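Colleague: With the sequences and hints as input, model every part of the structure.
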Amino acid sequence: MGKDPAFLFYPGDWTGGTRLFTRHQKGAYIDLLLTQFDNGHLSLEEIKFVLGKDDEYLWDDVLCKKYTQDQNGLYYQHRLEEEQIKRKKFTQSRRDNAKKSKKESEFEDFI
Numbered sequence: 038m039g040k041d042p043a044f045l046f047y048p049g050d051w052t053g054g055t056r057l058f059t060r061h062q063k064g065a066y067i068d069l070l071l072t073q074f075d076n077g078h079l080s081l082e083e084i085k086f087v088l089g090k091d092d093e094y095l096w097d098d099v100l101c102k103k104y105t106q107d108q109n110g111l112y113y114q115h116r117l118e119e120e121q122i123k124r125k126k127f128t129q130s131r132r133d134n135a136k137k138s139k140k141e142s143e144f145e146d147f148i
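One rule links them: number in this note's numbering = place in the sequence shown (from 1) + 37.
Hint data in this document are derived by calculation from the structure and do not stem from the laboratory.
Treat the numbers as computed from the prediction; the structure is a model and nothing was measured.
Watch out, some of these pointers could steer you wrong.
Below, a list of computed lysine to aspartate or glutamate pairs in the DMTMM-like style, where the Cα atoms sit at most 20 angstroms apart [claimed, not checked]:
no.	residue 1	residue 2
1	LYS103	ASP41
2	LYS85	ASP68
3	LYS40	GLU120
4	LYS63	GLU83
5	LYS63	ASP98
Modeller: Below is the structure:
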């Protein structure tokens, strides 16, 4: 199966977590979240590339506060990673249940 194309987005959490952000900062933040979703943990160079030369300052001014640095020096937004893990577990459990149901159905047809 391919990469999951979605993650849960909680509008109330977004509003509360970005209430003191300008619209410009929110746009930069969502760009970084989407890049992490697609590519995993990000290097500082990747972050600055996504932000662009004119907006690199946003990282030090406000956005870095939303990220954690891993043991390899890469950055990630913890909540997004948690949501991705939860969704992966959920979709796997649905797949497992579907396989189990199919096997039970095939067994019943055999009897």
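Colleague: Between LYS63 and ASP98, does the CA-CA distance stay at or below 20 angstroms?
Modeller: With a Cα-Cα distance of about 13 angstroms, the restraint between LYS63 and ASP98 holds, given a limit of 20 angstroms.
Colleague: Is the Cα-Cα distance between LYS103 and ASP41 20 angstroms or less?
Modeller: Violated, at about 23 angstroms.
Colleague: Taken at face value, is the distance from the CA of GLU120 to the CA of LYS40 at most 20 angstroms?
Modeller: Distance of about 14 angstroms is within 20 angstroms: holds.
Colleague: Sort out whether GLU83 lies within 20 angstroms of LYS63, counting only the CA atoms.
Modeller: holds, 18 angstroms
Colleague: Is the hinted pair LYS85 and ASP68 satisfied, with a Cα-Cα distance of at most 20 angstroms?
Modeller: Holds: LYS85 and ASP68 sit about 11 angstroms apart, inside 20 angstroms.
Checked against the numbered hints given earlier, this structure breaks only hint 1.
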